[in-house]
Amino acid sequence: MKEDYQMMVKTYEEAGGKPDVFKDSSFAHLVVNKNKVLGSHLVDGLRLDAKETDNGVDIDLTLEKGVRIDNPVHLCFGVLPEEGRQEIKLKALIEKGSEISILAHCVFPNAVKVQHIMDGEIVLEDNAVFRYDEVHYHGLTGGIEVIPRIKIEVGKEARLTMNFFLLKGRVGELDADYLAEVEENGVVEMMVKAYGYGEDKIRIRERVKLLGKGARGLLKSRIAVREKADSEVVSELEASAPNARGHVDCIEIVQNEAKARAVPLVSVSHEKAQVTHEAAIGSVNQKELETLMARGLKQEEAIDTIIGGMLK
Amino acid sequence: MLEIQDLTLERGGKAIFQKINLTIEDGEIYSILGPNGAGKSSLAYTLMGCSGYKLNGGKIFFDGKDITDLPIWQRAKMGITLAWQEPARFEGLLVEDYIQLGMKEKNKEEVKEALQGVLLAPDLYLKRKVDKTLSGGERKRIELAAIFTMRPRLAILDEPDSGVDILALNNVMKFVCSLRDRGATVILITHSAEAAKIAGRAALIGEGYLIKQGAAQEVVEYFEKRCLSCPKFA
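Residue numbers (my numbering), protein chains in the order written: chain A, 1 to 312; chain B, 1 to 234.
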């Protein structure tokens, strides 16, 4: 168990995390390998109940009304063996006027046949602020499936920022589905960045319903695929209330035999609502490429610089 | 330094320029002047070796070496660079990193100096991104700063004076001189007679032909009398 913990922390560090936070009592954290809770620490105002199940962990997280947690809460989920299945059920309630930021690292360094399923329900009550960053660190075999399903309710004047990064190691198969419903003057910003190669498959479906007056939504995706990787991003944004505003912004860069599709589905059912979208799919922009080459970078270096910037 | 012999370019079956011959001397500012659509920018892209600008005829020599078929990056390694009229934008790339891309040795102090040289406060710009949040004028000035730190031997500046306000224009022209003063030869592409005057020599291009070359003052006067008054170019 102790060895597993040390290995998780080491992998967490390789994934870009700062392991010192696990020793610092001002940072709340939770470390889970497959279905074992290896470590946890809470701070005032945050309730977190993690129950081990056959294949994973059920987590109930509540941030009490009006509580603001200054330091991000660090979550570390992973499967260290080559094979395994991890099911995380997350219920998060961010009560009225509270504020929290969560940084989750999902690490699967040795995955040959691993499935990571996240089933989440997140509720932001009125005036709550919630930032959730999920960073993945995968091995190089591509033997992993990542299947997040998250439903989010965003209350009046509440704000959700959600970022998903899968940039280190092979994607394997990513099949993400997010749905957010936003009430009056609530704000949702979602961003996905992924870099697929080999025979990786990326499927992202993100849906935001702007239900309340003045609700705001931004769906942003940045995907790069090369070799035989395949990606599809479906971004649905509905605005049905006065002054609701939404924007979909998708860029996918394709190299070699890779394939990419972007499907922006925007709908408006109120005369004072507005939704816009922009999508660019294709190879690296020629002018960007030649600008960098005119600084002396070789073509491959220029491509890496452009993709690196986009996915930064 | 740069010798252009009988350069001829067609794109999509249309002649862009024909049989252009020029010689640019080491350390000079040389203006290439002409109305919109004359083929000036195409000439700049051709000299840099951009894709889609493969010559139908002619040769380009740099320091006596035939570079006609060299790719862009090899020309850049020899010291040739280009500032585009509308520079590209790069998502996620910081100004400080972008400017340092072409430097042989990274030097943040030199980056700051270059930004100050184009009237951009380093504290406000180093950590900004070279993306669409910059205005056209800001982006152009950052491009000039990047060219400055690269210490090129030959800088081809495609209309650095367009799209910048009148106050910045004087600064841009000073900057072109400072590039020359630190050892670069500058080809200044412009359709502004005023801007072209900072050069020692100039060439006038119209409809893809080299109409006149010689002392800048002389070429500019010719341009003002013959081209600016010509309804076809006005």
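Worth flagging that the hints you see were computed from the coordinates, not collected in a lab. Since the model is a prediction, treat every value here as computed from it, not as a measurement. We treat Cβ as the ideally placed atom computed from N, Cα and C, and that holds for glycine. Be aware that one or more of the hints could be misleading.
[Unchecked claim] Facing chain A, a subset of chain B residues (Cβ under 7 angstroms, in silico):
1) Met48
2) Ile72
3) Thr81
Results for each hint:
1. Met48: holds, 6 angstroms
2. Ile72: holds, 4 angstroms
3. Thr81: OK, holds: Thr81 (chain B) within 7 angstroms of chain A, min 5 angstroms.
Figure legend: structure checked against the earlier numbered hints; every hint is met.
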